[in-house]
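J.: Position chain B against the provided structure of chain A, taking the given hints into account.
Protein chains: 2
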Amino acid sequence: TNAKICKPLTDSFNSFSQVGNLNACYFAKRGFQVEVFESREDIRQAKIVKGRSINLVLSHRGRQALKHVGMEDTIISKGIPMHSRMIHALNGTQSPIPYGKKGQVILLLHSAETTETGAMTFVRAEGAKEEIQADLIVGCDGAFSAIRKQFLRQSRFNYSQTYIPHGYLEFTIPPINGEFAMKPNNLHIWPRNTFMMIALPNLDKTFTCTLFMPFEEFEKVTTGDKVIEFFQKYFPDAIPLIGAEALKRDFFRLPAQAMVSVKCSPYHFGDKCVLMGDAAHAMVPFYGQGMNAGFEDCLVFNEIMDQLNEDFSAVLPEYTRVRVPDDQAIADLAMYNYVEMREHVNSKWFLFRKNVDNFLHIIMPRTIIPLYTMVTFTRTRYHKVVKHWHWQDKVRKDIVHVHSTLFKGL
Amino acid sequence: TNAKICKPLTDSFNSFSQVGNLNACYFAKRGFQVEVFESREDIRQAKIVKGRSINLVLSHRGRQALKHVGMEDTIISKGIPMHSRMIHALNGTQSPIPYGKKGQVILLLHSAETTETGAMTFVRAEGAKEEIQADLIVGCDGAFSAIRKQFLRQSRFNYSQTYIPHGYLEFTIPPINGEFAMKPNNLHIWPRNTFMMIALPNLDKTFTCTLFMPFEEFEKVTTGDKVIEFFQKYFPDAIPLIGAEALKRDFFRLPAQAMVSVKCSPYHFGDKCVLMGDAAHAMVPFYGQGMNAGFEDCLVFNEIMDQLNEDFSAVLPEYTRVRVPDDQAIADLAMYNYVEMREHVNSKWFLFRKNVDNFLHIIMPRTIIPLYTMVTFTRTRYHKVVKHWHWQDKVRKDIVHVHSTLFKGL
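Top line first, the protein sequences correspond to chains A and B.
The numbering of the first sequence is my numbering, which starts it at -6 and goes up by one.
The numbering of the second sequence is my numbering, which starts it at -6 and goes up by one.
Derived from the structure by calculation, the hints contain no laboratory data.
Keep in mind that a hint or two might mislead.
As the list claims (entries may be wrong) - With a straight-line Cα cutoff of 27 Å, these simulated BS3-like cross-link-like pairs (lysine-lysine) come out: (1) B/265 <-> A/142; (2) B/22 <-> B/265; (3) A/377 <-> A/60; (4) B/213 <-> A/265; (5) A/142 <-> B/142; (6) B/387 <-> A/387; (7) B/176 <-> B/198; (8) A/380 <-> B/387; (9) B/380 <-> A/387; (10) B/241 <-> B/213; (11) B/176 <-> B/226; (12) B/60 <-> B/377; (13) B/241 <-> B/198; (14) A/22 <-> A/60; (15) B/142 <-> A/265.
Chain A on its own, in the form it takes in the complex (with noise of 0.2 Å):
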């Protein structure tokens, strides 16, 4: 059997594309003969575009999905390993919040290129048009999905597209003395309620800092002096890491770049299409779980390929029939976390909340499971973490009402 994947053949993650190279390992594991369609230009040979990366979590699912076809370690030996936040407040204090238990770590790939991307014209450079047949086109071409615009004919296709009134900028701090300027297996964040910053490292000992704002707050940064002013005022600490002329250049350097957040659904047309990771399901970055979607979607897929004997047209809506719930459900927790961020997300509300979980956790430790963990270290279906989530939500509610009713009473 012949199966298109598009998007894209490199032998690195170093690109926006994982996606599309797991499923291309997954068909192939199953004898599909696969052939990768990819848009741009080889990323090996390609001038990294500054500014435009998007750092890429790895946690439970995504390893799950990478596993299964032998590669979880080869991608493990090139990321970082991250064991907590670490959250800069005002005055340069710095408090370290664990993901997980002991042992349950994050794992941050290279910073990665993105590009709005056509991807599978079938147009090739020179002009000339080709028509490819295949038994599946499998449209793994990112948020801007060339495949799913051709789902948009389709009768009673469900689709929306939002973007978030946040943009964000990219800055670089060197390393100091050849080593990391800051600890490095933490990621940085600097809260500070409808601004934040973060900081991931890259094996370079450089760190990318992408600062989030509105895009009418960036609209008011016009000159070199305001950047600066800018940075006395909320983050002060990292005017030495990142430099005062860096920061002056390279805020200047792009304009804030959108976030979007795509849902769609069915993932399948006819028999011979579906759409998988971000060009299903692009979300805002604020879950870390983007890219573990998508990778999970490769081995959910592979499951049902599993239990329906590779049937293509039993398989493709029961893809869409499984999976589609679970990504919304990731989706929305990505764009809630991005809401309570905006509202009242500074230094303080950080920590307290972890408190508050922790602390019911250890007392139910069955009955409550902070959210990220079932989020990031297990492969709880999103939809049920969300269902669970609500659930617990009311228990802790109704644990306050009852500690509110004894007190009256006594």
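T.: Leaving out everything else, chain B in the frame of chain A:
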């Protein structure tokens, strides 16, 4: 000045192009040179497509918009006033539920043809391309707007299209001895939980019956005999009205038709193009507000033109800012009504809900205004209607709570 309205030039409202027509009147009244583009053939000569009409409900908002350009009386003279709903129970009993207080009626306009249309192609029928310049292009080209497709290329354009699991089919109730077969000034409703049929009068003394049902249920009814069996089970009193032979025939005339809810933002693209009506906010037909919201668009745009001296560079962003939340609120209400209906609407529920609302309205006439009244008989901004409704709902619950607490105290 020169404004283009996409859609449509007819001298009749018997088309799916009311917002375009009305907009042309508004712009002409301001002294703009208006050119109207209509991709469909002249509706006066066109054959009417049976089975794809949606009746047009005109209520307060739409009437206010028509009044401003002196068209209210002309249109009303062509409509049929509706005083109440008429609920048909399974056993054939009929119970009227008035729309509002005495004198509060809605108007039913001629049934309207709907087609998926690619309006305002600048390609003439002969195939010649034509480039046309205008100071403003107004896209009123319906739920499948071609103008809106161009908006998708815009950076940070939010868009969603959601198809509901229900489809619809239409039947006709012919006159009996030259007269309406049922009371003509009522919206006839057969609520049957997940199914629902409605019947609306036409000027030729027929009724158009619309059966709403999940697609998967339509798929189960595969033969003429099954059609009759289905109607005998759920709508026995409608069989003699429609006629068994006509039922068997018309059930298979067309496949069940889909219904879509469309939201987007912004409504403008630069200072040259703006969307109105279904092109900006197609909604499911369960609140009878689609046309009224579109007409109110014209009125609101006109008010903003007054405020900002016809400066399009200011008018267009302001129109987006003001109108998007209102249109989204009414689209959400229409969807809410659909979900309510799908979950638990039968004849008892209809009567019960109405009674509760009326009771509270009588004891607190200034505080509790039924949602339907605010939407249908006022120009209260839709998003404020929803806000007030949520607040009322809280009051209603508090009353129930206080009530039960009081009883416990006895």
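J.: Does each hint hold? Answer for all of them.
T.: For each hint, the structure was consulted:
{"no.": "1", "hint": "B/265 <-> A/142", "verdict": "holds (26 Å)"}
{"no.": "2", "hint": "B/22 <-> B/265", "verdict": "holds (20 Å)"}
{"no.": "3", "hint": "A/377 <-> A/60", "verdict": "holds (23 Å)"}
{"no.": "4", "hint": "B/213 <-> A/265", "verdict": "holds (26 Å)"}
{"no.": "5", "hint": "A/142 <-> B/142", "verdict": "holds (11 Å)"}
{"no.": "6", "hint": "B/387 <-> A/387", "verdict": "holds (19 Å)"}
{"no.": "7", "hint": "B/176 <-> B/198", "verdict": "holds (10 Å)"}
{"no.": "8", "hint": "A/380 <-> B/387", "verdict": "holds (25 Å)"}
{"no.": "9", "hint": "B/380 <-> A/387", "verdict": "holds (25 Å)"}
{"no.": "10", "hint": "B/241 <-> B/213", "verdict": "holds (14 Å)"}
{"no.": "11", "hint": "B/176 <-> B/226", "verdict": "holds (23 Å)"}
{"no.": "12", "hint": "B/60 <-> B/377", "verdict": "holds (23 Å)"}
{"no.": "13", "hint": "B/241 <-> B/198", "verdict": "holds (22 Å)"}
{"no.": "14", "hint": "A/22 <-> A/60", "verdict": "holds (13 Å)"}
{"no.": "15", "hint": "B/142 <-> A/265", "verdict": "holds (26 Å)"}
Comparing the model with each earlier hint shows no violations; every hint is respected.
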